[in-house]
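Engineer: Throw the hints in and build the complete structure from the sequences for me.
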Amino acid sequence: MSAFSGTVGLALKIAFLSIVNALGIWAAVVLIDHHKWRAVAVLAAATAGLDAIYLVKRWTLPLKFLIPGTIFLLAFHVVPVAYTVNVAFTNYSTGHILSKSEAIAGIKVNSLTEVENGKAYTIAPARDKGGHFLLVLRDDSGATFIGTKDGLRPIPRSDVTVSDGAITAARGYRVLKGTELGSLDKELSTFTVPLGGDKAIQPQGFDTAVVLAPTLRYDPKADGFVRLKDGVLFKDNNRGSFVAANGEELEPGWKTYVGTRNFSRIAHSSLIRDPFLKVFVWTLVFASLVVFISFALGLLLAITLNKPGLSFQRTYRALLVIPFAVPAFLSLLVWQGLLNDDFGVVNRLFHTSIPWLFDPNWARVSVILVSVWLVTLPLLLVAVAPLMIASFAFNFNNFGNIYLLTGGGPALGNSPVAGATDILISYTYKIAFAAGKGQDYGLASALAIIIFFVVATISAVSFTRTKALENLA
Amino acid sequence: MSTSERVAEVTVPAVAERRQPKRRRFAQNWWRHAVALIALVFALFPVAYVLSAAFNGDNSLSGSSLIPRHVTFDNFRTLFVGQKNTTGHATFQNAHYASWFANSMIVAGATALLTVLLGALAAYAFSRFRFRGRRLGMLTLLLIHMFPQLLAVLAIYLIVLNVGDIFHFIGLNTLSALVLVYLGGAMGVNTWLMKGFFDTIPSELDESARVDGATPAQVFWGVVLPLAAPVLAVIALISFVATLNEFVIASVVLETQHKFTLPVGLWQYIDQKYSEHWGPFAAGVLIAAVPAALLFAFLQRYIVQGLTQGAVKG
Numbered sequence: 001m002s003a004f005s006g007t008v009g010l011a012l013k014i015a016f017l018s019i020v021n022a023l024g025i026w027a028a029v030v031l032i033d034h035h036k037w038r039a040v041a042v043l044a045a046a047t048a049g050l051d052a053i054y055l056v057k058r059w060t061l062p063l064k065f066l067i068p069g070t071i072f073l074l075a076f077h078v079v080p081v082a083y084t085v086n087v088a089f090t091n092y093s094t095g096h097i098l099s100k101s102e103a104i105a106g107i108k109v110n111s112l113t114e115v116e117n118g119k120a121y122t123i124a125p126a127r128d129k130g131g132h133f134l135l136v137l138r139d140d141s142g143a144t145f146i147g148t149k150d151g152l153r154p155i156p157r158s159d160v161t162v163s164d165g166a167i168t169a170a171r172g173y174r175v176l177k178g179t180e181l182g183s184l185d186k187e188l189s190t191f192t193v194p195l196g197g198d199k200a201i202q203p204q205g206f207d208t209a210v211v212l213a214p215t216l217r218y219d220p221k222a223d224g225f226v227r228l229k230d231g232v233l234f235k236d237n238n239r240g241s242f243v244a245a246n247g248e249e250l251e252p253g254w255k256t257y258v259g260t261r262n263f264s265r266i267a268h269s270s271l272i273r274d275p276f277l278k279v280f281v282w283t284l285v286f287a288s289l290v291v292f293i294s295f296a297l298g299l300l301l302a303i304t305l306n307k308p309g310l311s312f313q314r315t316y317r318a319l320l321v322i323p324f325a326v327p328a329f330l331s332l333l334v335w336q337g338l339l340n341d342d343f344g345v346v347n348r349l350f351h352t353s354i355p356w357l358f359d360p361n362w363a364r365v366s367v368i369l370v371s372v373w374l375v376t377l378p379l380l381l382v383a384v385a386p387l388m389i390a391s392f393a394f395n396f397n398n399f400g401n402i403y404l405l406t407g408g409g410p411a412l413g414n415s416p417v418a419g420a421t422d423i424l425i426s427y428t429y430k431i432a433f434a435a436g437k438g439q440d441y442g443l444a445s446a447l448a449i450i451i452f453f454v455v456a457t458i459s460a461v462s463f464t465r466t467k468a469l470e471n472l473a
Numbered sequence: 001m002s003t004s005e006r007v008a009e010v011t012v013p014a015v016a017e018r019r020q021p022k023r024r025r026f027a028q029n030w031w032r033h034a035v036a037l038i039a040l041v042f043a044l045f046p047v048a049y050v051l052s053a054a055f056n057g058d059n060s061l062s063g064s065s066l067i068p069r070h071v072t073f074d075n076f077r078t079l080f081v082g083q084k085n086t087t088g089h090a091t092f093q094n095a096h097y098a099s100w101f102a103n104s105m106i107v108a109g110a111t112a113l114l115t116v117l118l119g120a121l122a123a124y125a126f127s128r129f130r131f132r133g134r135r136l137g138m139l140t141l142l143l144i145h146m147f148p149q150l151l152a153v154l155a156i157y158l159i160v161l162n163v164g165d166i167f168h169f170i171g172l173n174t175l176s177a178l179v180l181v182y183l184g185g186a187m188g189v190n191t192w193l194m195k196g197f198f199d200t201i202p203s204e205l206d207e208s209a210r211v212d213g214a215t216p217a218q219v220f221w222g223v224v225l226p227l228a229a230p231v232l233a234v235i236a237l238i239s240f241v242a243t244l245n246e247f248v249i250a251s252v253v254l255e256t257q258h259k260f261t262l263p264v265g266l267w268q269y270i271d272q273k274y275s276e277h278w279g280p281f282a283a284g285v286l287i288a289a290v291p292a293a294l295l296f297a298f299l300q301r302y303i304v305q306g307l308t309q310g311a312v313k314g
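Residue numbers (our numbering), protein chains in the order written: chain A, 1 to 473; chain B, 1 to 314.
Keep in mind that the hints were calculated from the coordinates and are not lab data. Beta carbons: idealized from backbone N, C-alpha and C, even for Gly. Errors might be hidden in some of the hints.
[Stated by the list, open to error] To be clear about the criterion: a stretch of chain A counts as covered by chain B if any three or more of its residues have a C-beta under 8 Å from a C-beta of chain B, and this derived list gives those stretches: (1) 423-430; (2) 448-454.
[To be verified] Listed next, the in silico DSSO-like pairs over lysine-lysine satisfying Cα-Cα at most 30 Å (straight line): (3) A/Lys13 / A/Lys108; (4) A/Lys199 / A/Lys229; (5) B/Lys259 / A/Lys186; (6) A/Lys129 / A/Lys177; (7) B/Lys259 / A/Lys36; (8) A/Lys64 / A/Lys108.
[Unchecked claim] Now the in silico label distances, taken between C-beta atoms and shown as ranges: (9) B/Val81 / A/Glu251: 44 to 52 Å; (10) A/Lys13 / B/Val71: 56 to 64 Å; (11) B/Leu139 / A/Asp198: 57 to 65 Å; (12) A/Pro360 / B/Met105: 34 to 42 Å; (13) A/Pro360 / B/Leu139: 38 to 46 Å; (14) A/Thr7 / B/Leu299: 30 to 38 Å.
Structural biologist: As structure tokens, this is what we get:
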């Protein structure tokens with residue numbers, strides 16, 4: 001009866017645990033090497049936990065079977081979802097990606113502008129004996145300097161060889177030439193030589209540099225930036241930006257918690273609420289129509305074909321199931337081609353020129369038509385009423401059908417993001433990833449939570465109706 | 001009654017007897033056949049069209065007709081070798097189809113196998129053991145999966161990005177990372193379906209095995225799994241097709257042409273270029289449809305059995 005004897009089973013178990021532990025130790029070594037201490041702690045705890053579960057005899061028995069799947073569930077579903085929920089309460093979006101201290105540093109750098117009538121330098125990128133990157137500089141008067149990340153230091157003019165106005169050599173340093181310069185782009189573009197008073201020398205290409213001075217000064221006490229020319233104060237607005245009294249805002253902002261602001265934006269900001277409501281209504285219409293038409297057609301076909309003794313019955317059934325065996329993404333891409341208004345077969349067949357995918361209303365008809373095509377036929381196999389609610393919940397989130405067919409489009413005139421055929425999930429996806437006007441992860445995550453509650457409600461109704469919970473008895 | 005008719009009756013009486021009721025049946029059922037034929041046209045028209053376009057020599061969408069004027073395999077060659085450009089070199093972007101196909105098979109195959117394994121392990125625990133938190137655990141699984149993994153794709157991207165900084169082999173642009181992410185969905189609705197099926201396997205079978213001295217692991221591998229073959233086949237098929245279809249996560253995790261899966265590759269191949277790429281695209285669709293179709297054919301007898309027993313019986 002048993003697949004293998006107790007000894008073989010034990011051996012397999014020991015081998016498996018040994019591999020897990022070996023992997024754990026190897027990964028820990030790599031992580032320690034990268035100074036990822038928290039990850040090391042999590043890894044050690046997880047490995048110890050696994051060992052305990054599989055070595056202890058009795059009471060961990062169910063866990064032995066549940067743990068493998070649970071690990072993946074936690075790592076790639078629960079953690080991402082938890083993170084998404086977290087993001088829903090932040091302003092994480094284009095322009096609010098950095099931490100506050102990174103944003104302050106960024107604003108300081110952005111505010112550097114060339115000083116009027118400031119000094120200009122001829123430069124040459126070079127390395128010292130230790131290989132450290134630095135600049136050899138020469139100003140208009142012929143005075144020569146070495147510029148490092150720490151500051152500017154004069155050197156004797158005689159140390160520097162100049163020919164045709166370019167620095168070609170410097171005693172004690174190796175001036176970089178030719179191909180060496182090519183690989184330097186990134187290092188050079190971020191390299192500045194600090195001077196007193198927040199000023200700095202910044203290279204402008206490989207052979208000149210100018211003096212830059214900040215136009216803004218960070219005041220830690222006021223937690224804001226002061227504009228030097230007019231003294232205007234930009235204060236932290238608690239929503240991830242420094243803002244002046246007149247509404248002027250400094251960029252970049254930073255990521256911060258904003259409470260339920262994303263949700264209240266969905267409820268109150270007409271820019272978001274109106275497209276959201278339109279999309280929401282269309283989602284309901286789409287899902288119900290697809291389910292209704294599919295079931296009506298499915299039922300009709302079932303009644304039609306279920307006549308005992310009907311000739312070709314088996315042939316009809318066998319042929320009707322063929323599309324079901326074709327992966328949906330292929331069918332969707334094919335339909336996109338068939339419905340193409342210029343070349344599409346559908347238009348050529350009927351001698352029409354209907355913009356199937358590019359007119360808002362026709363596009364809506366098309367996504368329903370194609371979804372019905374995809375849904376109806378499998379129902380010939382299992383046309384049962386309880387499936388209707390499940391099918392509704394499925395179509396409510398049927399991202400693929402919309403995105404692969406119309407991409408949510410065509411665009412609706414009054415919204416930059418929402419298209420005529422967008423359902424909530426594709427609208428959310430576009431806000432997070434594909435919006436031309438910048439991406440708003442916070443808002444998208446808030447929408448994701450709303451979708452979750454809608455689907456959970458639908459499913460709860462479905463379960464009480466079908467009494468699937470009896471399974472638990 | 002005319003003579004000729006009588007003659008006919010005499011010469012082929014057996015055939016006439018059988019044919020007569022059949023003809024009458026057809027007369028009664030003509031509308032059924034009409035409905036079936038309309039349904040068939042609606043259902044099979046895209047399939048027929050792809051079939052014809054794949055073998056059609058004229059590979060633009062506008063030039064395609066339902067019956068190919070001359071049958072060629074050029075489209076298939078374009079797909080695997082690439083089109084020759086004016087200098088005689090294969091144009092690069094067309095020649096990745098083989099990689100896309102292989103990648104899809106690897107990812108979907110691995111995901112399907114491991115999903116069945118992980119799901120079956122969990123389903124066995126839920127079906128056979130009575131432990132605290134069992135009910136809560138199953139409900140939690142359902143609840144978690146109502147939050148689509150798709151909407152957490154930003155977090156998934158960041159996780160893969162950060163893990164990949166240290167462990168390159170499961171970082172961005174690797175198939176292994178994609179499989180790992182998909183396995184996050186291994187315990188979910190599948191587990192419920194399998195648990196339902198496991199419940200129908202009489203527990204007397206396990207008990208007698210246990211009396212004979214088998215461990216729970218031996219009962220799982222030796223008794224329950226072989227008896228659950230139908231539902232395992234169905235879950236493997238569902239998982240395989242679902243993974244094959246998955247577009248969003250694949251498009252975020254995979255970055256370069258030769259790592260793409262079929263949906264990402266074909267979507268990008270056809271995007272905005274329908275008229276030029278229609279022929280090779282149709283050929284690609286045809287080949288891409290083969291594995292799933294074969295699986296359906298082989299597993300057909302299991303599908304209804306596995307689905308109905310798992311879903312309906314408690």
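Engineer: Give a verdict on every hint.
Structural biologist: How the hints compare with the structure:
no.: 1; hint: 423-430; result: holds (count 3)
no.: 2; hint: 448-454; result: holds (count 3)
no.: 3; hint: A/Lys13 / A/Lys108; result: violated (59 Å)
no.: 4; hint: A/Lys199 / A/Lys229; result: holds (15 Å)
no.: 5; hint: B/Lys259 / A/Lys186; result: holds (28 Å)
no.: 6; hint: A/Lys129 / A/Lys177; result: holds (16 Å)
no.: 7; hint: B/Lys259 / A/Lys36; result: holds (29 Å)
no.: 8; hint: A/Lys64 / A/Lys108; result: violated (55 Å)
no.: 9; hint: B/Val81 / A/Glu251: 44 to 52 Å; result: holds (49 Å)
no.: 10; hint: A/Lys13 / B/Val71: 56 to 64 Å; result: holds (58 Å)
no.: 11; hint: B/Leu139 / A/Asp198: 57 to 65 Å; result: holds (60 Å)
no.: 12; hint: A/Pro360 / B/Met105: 34 to 42 Å; result: holds (39 Å)
no.: 13; hint: A/Pro360 / B/Leu139: 38 to 46 Å; result: holds (41 Å)
no.: 14; hint: A/Thr7 / B/Leu299: 30 to 38 Å; result: holds (35 Å)
Checked against the numbered hints above, the structure violates hints 3 and 8; every other hint is satisfied.
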